[in-house]
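Engineer: Sequence:
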Amino acid sequence: MPTGKSKHKRTGIPIHKLQERTARGIQLRHFLKFEMEEMRHMDAHRDDYYVFILQEYGSTDLIVDFKKINVGGSAALFILPGQVHHIAACTQTSGWFMAIDSALVEKRYRKIFQEQVHYHQSLQLNQLKTDQIKKCIELLTGMFDCSGQMTVPEPVIHSLTSAYIGMFANLYSCESAEENNRNLRPEVITREFRKLVGEQFKVHKNPGYYASSLSLSLSYLNEVVKAVTGSNLSYWIHQEVVLEAKRLLYYSDLSVKQIAFSLGYDDHAYFSRLFTKVSGISAVKFRNEYRK
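Going by the UniProt record's numbering, the letters in the sequence shown line up with residues 1 to 292, in that order.
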């Protein structure tokens, strides 16, 4: 969390790049009885890579895009590239951390995680699932020496890495399948809509664009999304806009006008009114209150 006043004007949210840590596109770390005070100070940031965490014991509180996620006991967690996050607290936490280049995450798996990001970013695991995934990451970790050098050919590393990520994807697919059994088509349409909004909201604010992209009528898409979520299309488009605005208000020193332009609004006064209507607080007041 930002504390005090920065000496330098922050023009954006810090982005951590995996290439600056390793040229191999993958970084593994085993942490044992980890405590908050052991971690070097790290402000909220984005990553340009995927993060997969297998927690075996302990308790961790993360803030991901202004949402608090409590990870207790045995659990799986992922963070997408671009999500703003930081650790708020952790107690006696043990497990495994993986940072991996998006290019090394198979497309079919990326699709699953992108669809699940609005629903389940962390899942509790039973002992069987924990042991299965643990065996895979232990085997993978053993393929690097103490200096981080690979001890087996790179294709072998990539194959086992894909298997590990596939185990995560399967967990979330099963969770999604259980929900979708209630009413498959509306759930799938809603996930596709929200995924598309997350990718396109800076450029496309018109609900009609999303209906057309999904080859559906505007009235039908609106009806489906409202039935599943309780809110209409415009609500979810505005939620994406305001979430990104909050990120920039909190983690950067860009003016409200600059933020409006970066989000595709030529009329910053309109953007300010929209922000206040959606969040219940003005952009300036939000920044002042949350950055105390």
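Please keep in mind that the hints were generated in silico from the structure rather than gathered at the bench.
Treat the hints with caution; some may be incorrect.
Said to hold, decoys possible - Pairs of lysine-lysine residues, derived as DSS-like cross-links and limited to a Cα-Cα distance of at most 30 Å, are as follows:
hint : residue 1 : residue 2
1    : Lys107    : Lys17
2    : Lys129    : Lys257
3    : Lys33     : Lys107
4    : Lys33     : Lys68
5    : Lys17     : Lys277
6    : Lys205    : Lys134
7    : Lys257    : Lys205
8    : Lys202    : Lys135
9    : Lys257    : Lys111
Quick caveat, the model's predicted, so the values are computed rather than measured.
Engineer: All hints, please: hold or fail.
Structural biologist: Outcome of the hint check:
1. Lys107 / Lys17: holds, 20 Å
2. Lys129 / Lys257: At roughly 49 Å apart (the allowed maximum being 30 Å), Lys257 and Lys129 break the hint.
3. Lys33 / Lys107: violated, 34 Å
4. Lys33 / Lys68: With Cα atoms ~21 Å apart, Lys33 and Lys68 stay inside 30 Å; holds.
5. Lys17 / Lys277: violated, 35 Å
6. Lys205 / Lys134: Roughly 43 Å separates the two Cα atoms, so the pair is violated.
7. Lys257 / Lys205: Distance of about 18 Å is within 30 Å: holds.
8. Lys202 / Lys135: Given pair Lys202, Lys135 is violated - Cα atoms ~42 Å apart, limit 30 Å.
9. Lys257 / Lys111: Violated, at roughly 34 Å.
Consistency note: the structure conflicts with the earlier hints numbered 2, 3, 5, 6, 8 and 9.
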